[in-house]
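> Sequence:
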Amino acid sequence: MRVVNLFFWAGIAVASTLHGLPSNISSTGRGNISASQQPDFTFDELYSLQKQFLDHFISPANVQEAKAINSTLLAEDCLGRVDITRTFSGRELNTEYLFGLFANLAATPDSLSLLGVPISYEILHFAANQNIASAATKSVFLFLLFQNLVHVPPGIKTDPVAALYRFMFNFTALNLVLPIRIDTWNSFNAQKQISQYDATFVWWDWAFATLLEAAVPVLGVNSTAQVVQALTGALAKSICSTATTYCKGTDAQYGSTQECEGYLTKEIRFGAPYELGTL
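Mind the numbering: the sequence shown is residues -15 to -1, 1 to 264 in mature numbering (1 follows the signal peptide of the UniProt record, and there is no 0), read in order.
Mixed in with the good hints there might be a few duds.
Listed below are the simulated BS3-like cross-link pairs for lysine-lysine, each with C-alpha atoms no more than 30 Å apart in a straight line [to be verified]:
| hint | residue 1 | residue 2 |
| --- | --- | --- |
| 1 | 36 | 52 |
| 2 | 251 | 52 |
| 3 | 222 | 52 |
| 4 | 251 | 233 |
| 5 | 233 | 52 |
| 6 | 36 | 177 |
| 7 | 222 | 233 |
| 8 | 251 | 222 |
Derived from the structure by calculation, the hints contain no laboratory data.
Can you make the complete structure from the sequences, with help from the hints?
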């Protein structure tokens, strides 16, 4: 299956270097469960469960969850949806994308990615009842986007900058910190595992637009259009390197690296931030 924009592959390529490409996603049928059959947790228990997940989502704790392949924080039939990407079905696939993707980004700082590494968080709002928790969470993300494209000038500080109640994305080579909020709904089963979740990256389009504008002087170009052009070529090389290494035999998508790069740079659009999961 080939996709319509380069943005989708930018996330897939990094995640696949850890566990291989994901299996085909199928919907999980769920029967009707009455309220009396649902687990009934206290508010404090649900807050603790929410923090337990967030603590393990943050680097470097996510490394251990990723190594488990099937995280016990998640139900076996866990079903999740992330607004800017896609729906994830099953424990293994959700483990790969909730933990493995970011753990692998931290472990491969020389790889090119449009994503960041979560390093801290704050819960801004929290509401919970019975077995459902809803939270607006803000955290610090360390972005390594341009680390392998440009040299970081001497004197540029690359330490993450945290602000209370904010998810922050730190673009190290740009010395740029952006606040990002993620709103979530989680349901927990009787074993205190996440059975379903929904996550929304608030104002993600504006954050990415700011990144492109900040990249103009760093890349030595004159417009965001030229930034996109530079990223297209660099992302294609990174993605096709992953495809060549991990997609072999019946899993091969392309006949050669040249075919892969040609397809990603000439036959599809770069895509918009909201199209990360567009097929």
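> When the hints from earlier in the document are held up against this structure, which numbers fail?
2
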